[in-house]
Each structure stands twice: as structure tokens, then as C-alpha cells.
Amino acid sequence: MSLLELKNVSKIYGPLKALDNVNLQVENGEWLAIMGPSGSGKSTMMNIIGCMDKPSLGEVILDGVDIAKESGKKLTEIRRDKIGLIFQQFHLVNYLTAVENVMVSQYYHSMPDEKEALEALERVGLKDRAKHLPSQLSGGEQQRVCIARALINHPEIVLADEPTGNLDEANENIVIDLFRQLHREGTTLIVVTHDPEVAEVAQRTVVLEHGRLVKEIMNESFET
Amino acid sequence: MKKQTMFLRMITASLLRRRSRMLVALLAIAVGATILSGLVTIYYDVPRQMGEQFRSYGANMIFTSSNGGTLSEEALNQAKEQIKENQLVGFAPYRYENITVNERPMMAAATDFDGAAKTSPYWRIDGSWPSQPGEALVGKETAQTLALNTGDKVTLTFDLDKKPATADEAANAERNQNNREFSVVGILDTGGNEEKYIFISTEDMEGLTGKSDSFDMAELSVSASQNELKSYADSISKKTDGVSARLVKRVTQSENTVLSKLQALVLLVTVIVLLLTMICVATTMMAVVTERRKEVGLRKALGASNRSIIVEFMGEGLLLGGIGGLLGSLCGFIFAQAVSMNVFNSSIQFHWLLIPVTVLVSVLVTGLSCLLPVRSATDVDPALVLKGE
Chain A
42 MSLLELKNVS KIYGPLKALD NVNLQVENGE WLAIMGPSGS GKSTMMNIIG
92 CMDKPSLGEV ILDGVDIAKE SGKKLTEIRR DKIGLIFQQF HLVNYLTAVE
142 NVMVSQYYHS MPDEKEALEA LERVGLKDRA KHLPSQLSGG EQQRVCIARA
192 LINHPEIVLA DEPTGNLDEA NENIVIDLFR QLHREGTTLI VVTHDPEVAE
242 VAQRTVVLEH GRLVKEIMNE SFET
Chain B
13 MKKQTMFLRM ITASLLRRRS RMLVALLAIA VGATILSGLV TIYYDVPRQM
63 GEQFRSYGAN MIFTSSNGGT LSEEALNQAK EQIKENQLVG FAPYRYENIT
113 VNERPMMAAA TDFDGAAKTS PYWRIDGSWP SQPGEALVGK ETAQTLALNT
163 GDKVTLTFDL DKKPATADEA ANAERNQNNR EFSVVGILDT GGNEEKYIFI
213 STEDMEGLTG KSDSFDMAEL SVSASQNELK SYADSISKKT DGVSARLVKR
263 VTQSENTVLS KLQALVLLVT VIVLLLTMIC VATTMMAVVT ERRKEVGLRK
313 ALGASNRSII VEFMGEGLLL GGIGGLLGSL CGFIFAQAVS MNVFNSSIQF
363 HWLLIPVTVL VSVLVTGLSC LLPVRSATDV DPALVLKGE
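Just so you know, the sequences run in chain order A and B. Number 112 in my numbering belongs to position 71 of the first sequence; there are no gaps in the numbering. Number 199 in my numbering belongs to position 187 of the second sequence; there are no gaps in the numbering.
No lab work stands behind these hints: they were computed from the structure. Values in this document were obtained by computation on a predicted structure and should not be read as measured data. Glycine residues also receive a C-beta, built at the ideal position from the N, C-alpha and C atoms. Please note that the accuracy of each hint is not assured.
[Unchecked claim] Below, a list of computed lysine-lysine pairs in the BS3-like style, where the Cα atoms sit at most 30 Å apart:
#: 1; chain 1: B; residue 1: LYS14; chain 2: A; residue 2: LYS110
#: 2; chain 1: B; residue 1: LYS92; chain 2: A; residue 2: LYS168
#: 3; chain 1: A; residue 1: LYS156; chain 2: B; residue 2: LYS273
#: 4; chain 1: A; residue 1: LYS115; chain 2: B; residue 2: LYS306
#: 5; chain 1: A; residue 1: LYS95; chain 2: A; residue 2: LYS114
[What the hints assert, rightly or not] Derived Cβ-Cβ restraints for the label pairs, each shown as a range:
#: 6; chain 1: A; residue 1: LYS114; chain 2: B; residue 2: THR17; range: 25 to 31 Å
#: 7; chain 1: B; residue 1: THR302; chain 2: A; residue 2: GLU261; range: 48 to 54 Å
#: 8; chain 1: B; residue 1: VAL281; chain 2: A; residue 2: LYS156; range: 51 to 57 Å
#: 9; chain 1: A; residue 1: ASP107; chain 2: B; residue 2: ARG387; range: 37 to 43 Å
#: 10; chain 1: A; residue 1: ASP122; chain 2: B; residue 2: ARG387; range: 49 to 55 Å
#: 11; chain 1: B; residue 1: ARG387; chain 2: A; residue 2: GLY80; range: 30 to 36 Å
#: 12; chain 1: B; residue 1: LEU28; chain 2: A; residue 2: ILE258; range: 46 to 52 Å
Just chain A, with the same shape it has in the complex:
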């Protein structure tokens, strides 16, 4: 059984179909890129997969559960337990240090553990910046803190929305290397991007246009 399956999913806002009868399967441990131009429905799809929105029609089966039928409270629980989110704007709490930002995710999930949070920061190469506030970190460092926060609770899926959109090339490469490492460790990655260079390092790429899946590309030269 696939880890995530979208069956005939549509999201309708009045006369506009943000997603139009989308079908998609994501296997456990897969690295999927979702590409498409602005307004193609990428964000809507990410919100639905990330349990922050519900489809108007269709089923979204995540780990055997149809999240389209769940209540808002249950969706929060699923998001907390199964999904790690990485944002383009990083979205760190500006008055908490790097390690505290990672611990916030633990706080809502189970129990904060500073040692474990520091290990997560070490994994993204930021242990020595653990006590720094976001304003004292570069964009690349903030994104790595965001990745550490997304990974700390060992989620089923890591969902990244334009993770390199605000980064320079050097930091983009660091983030992509981290994704490679995660993939090697068996983490399921879904990366929403409009950047072909980010998409082509993924195992598979699906292309959205006007809310429809128009293309699926398997990366033949995919390296793990």
C-alpha cells in the first residue's frame, strides 16, 4: 500500500478549480518533486497533503487514513505526528534560539529533549549556532534549522514548500545534500518547487498545470 494516495482530488473555490481530479501515489521512502507554474495548484496540493486544508472532492489516504474525512482537530494530530513541514520563508519563532525552535516541535509532539534537538542541529551542521536567535543566522542557516525542526519528530513525510526559494546557490546545494541524506535514510520527501534544478534531483517529478497533473517524469539519472 502506498504511503500517500490522492484519488480524484479536486479543490473548488467558487468557479475556480484549484485542483482538478488529481490522482497521485507516493511510496514510502520516495522523493517526489511537484512542479508547476504559479497558480497551477502546487500550494493547494501541499496544503491538502500537509493536512492544512481539505479537498472539495476525492480521497486523500495517508498511511491508510482518509484525511479528507477527518475533523480539524484530528488533522492537527495527524500533521503533528506524521508530517514535517519546511517553508520557503523558514518561519522560525524570532524570539527563540535555534535549539528552542527545534524543541517547539517536540513540545507539541511529545516531550522536549534539548539533547536530541542539539543532535538534530548537529545533523544539519548547526550545533555551534544552537544558541543563536534567527536574526543572528543567515538565510541558509535558518532553512537548516527549519529542516532540523521538521525532522525532529521522525515524520512519515517531509513536505517542503519551495525550500530553496530564498537561498543562494551554495545554501541551495547544502539543502539538496541534506535531502539526499534524508532520502538515503528512508525518509519520504515531497518537495514543491518551481525550480527545475531542485526538481531534477528528485526521484520522480509530477507537473501541475491549471490544477491538473499533466506530466510525470521519472529521473533516470537519480543518484542516492
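Got chain A; can you put chain B on it based on the hints?
Just chain B now, kept in the frame of chain A:
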């Protein structure tokens, strides 16, 4: 690490690392708490302060004999001791006797001048209070009748025998009289009946009349509320043989009326300030919470329940309320002290109980003020907020 520890770490970090924002909120709470605590201090201290002011209007309680006779010193002391020492401003026993000056019938009053100065601070004296035996204070009307001035001598005559029944009897009887010369040290101007009397000390009166331990009445100035005064009067009348205590209603009732109105005014101002504080704190907290909508969205995206977001924001608000309340209760005392010194010209008493009360009220007001904006913040859609929409 325990969840509570992380909770405290988050709310203290929010307060300490967002100093400028939090200082504004803290200032709003502290200013509100200062005015509130100051006004409550004044509200509770007004009766004492005003009571002291009202004492200048004279005695507010009198002791008379309950059986139509005279009062002994022992009975008066027994009655007086039932009043708390710190509330008794002044006590002056009085004894009145018919005397003559150059064959003119006059009234002499004996009293304790130290006590009279306290029970009748409104007495205006041209000269000085008698301080030595043989000194007298003469009422203005009597002084005019007898053409007496400060520094003059006056001889008081007291008939030791029973008053003659007829004019013939009086003419034929051998007069048994006692004469004493007094120095007039002051002329008393009150605008009242006191101007008709010649005041001498109780010791001089004993010497003149040969009678001791006999008083007609006593005036008391007591710093207490009307209810307390009533309760004192009832208790003294009941417990002390031969003494009847009564209130000088002219003084106590007007004091009570003015005090009630003043306290009602201060209470009204306090309530209005409390409401304004709530609006001010609510507005500030609303701004603080609104500018953190993105953070609320992020926390929700990370899996925070609405409840935990409310608890975190309320925790911050309550901590802020507590600190603001503590600062406010101390500044409130300084504020009340300044008002008291300027208005009443006397210092105010510090009420320790006001610290926990102010902190509690600040915490409640801040809590209530936070509740609405925090609840509305939980309606944030994380997907929209994180997209910056």
C-alpha cells in the same frame, strides 16, 4: 525536559527577548495597576484622612450623667477607656458652676485645657490657653460685659451656701463666699455659647467651690465612622454605670454624608479607571497578539492545538499581568502618598494586603483582556498565514 519547563522557557523568552513590545504592554498594565492601587489606597484612607480633618469641627461624642446627677472622674475614665486609644483624638470633661463677678451672676466652666484644645480646635483665642493655676480664659461676650482684656485680673466669687429663697433672706443672711482672683490670659471667640463662660482649670474650680470629682459632661473627639461611633456610644451607655454616651449628630451625620459621597466618588473613579485599564490592556494585548498571527499559524502548522496556543498566550499575559500588578502596587502607593500629601497634607498608611489584591486584579484584567484576541487568533488558518495572505 518537562513540558512545563519548556512552557516557562517559551513565555519568559517571549517576554525577555521581545523587550520593546512587551515593555509597552507592561507599561499599560503597570500604569493601570498604579492608578487602581493608588485610588483603592486613597479610598480606604479617605475616612481616616477626612476623619482627621473633621476633628477640627469639634467633639463628635458627649458623655452625660444617665441619672440626672454628676459624673465622677472614675466613671468618665471607665467610659473613655472603652474607646481605642488610637481613635481617641481628644477628651475634655466639663463642670459648670454659677458664680458672680462684682455681684454679677456669671457661669464658670472648668475643664482640662489640653483636652479642650483637642476637642475644640476651632476655638479662636486672643492671647493664650491657660497653663498655670490662677489663669482664666474668658468668653468674648463675658469679656465685653465685664470690660476685661488679656492681662486683666478678675475675681470669681462662689456662694458656698445654699442659694437664698427670697430677697429678704438674701439681704439678711450672712454670706459664706469663696473668692479667687484669676489672670485673664485669653479671650475666647467661638461664635457660640462658649463666649458666655469663664473657663478655668478643674483644679482651680475645686479650690473655688470646695467640691471635687464632680463633672457635668465630657466632650470627646473620636476618629471613627458613624457606625463605629454608634457602637461605642451604645456599648459605653450599657457598660458604664451612670454614664450616657451620645453622638453629636450635627457633626457625625455631616461627616458621614461627606465621607460617603467622597468614597462613592473615589469608587466611581476607580471603576472607570478599571474599565479604561481593561480597554487599554485589551487593545495593547490585541495588538501584541495580532502581530503574532504568523507565529500562531506556525505553531498550528507544527501541530499545536487551539488549547495549547490559548494556554501559551494566556501564560504570557498572566505573567505580564503579575509583573505589572506588582510594579503597579508599589507605584500606586507612591501615587497615593503624593495625592495624600498634596490634598490632606498627611502621609498615607501602606496596606500590605493591597499588593496581592492589585497583582490578582491585574492578572484577572490582563487575562480577560487577552482572552478575546487570543481566542480570535486561534481561528488563524495556518496555510493562509504562512503563505503571507
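Status of each hint after checking the structure:
no.	hint	verdict
1	B:LYS14 / A:LYS110	violated, 34 Å
2	B:LYS92 / A:LYS168	violated, 80 Å
3	A:LYS156 / B:LYS273	violated, 65 Å
4	A:LYS115 / B:LYS306	holds, 22 Å
5	A:LYS95 / A:LYS114	holds, 13 Å
6	A:LYS114 / B:THR17: 25 to 31 Å	holds, 26 Å
7	B:THR302 / A:GLU261: 48 to 54 Å	holds, 51 Å
8	B:VAL281 / A:LYS156: 51 to 57 Å	holds, 56 Å
9	A:ASP107 / B:ARG387: 37 to 43 Å	violated, 30 Å
10	A:ASP122 / B:ARG387: 49 to 55 Å	violated, 26 Å
11	B:ARG387 / A:GLY80: 30 to 36 Å	holds, 34 Å
12	B:LEU28 / A:ILE258: 46 to 52 Å	holds, 50 Å
Violated hints, in rising order: 1, 2, 3, 9 and 10; the structure is consistent with all others.
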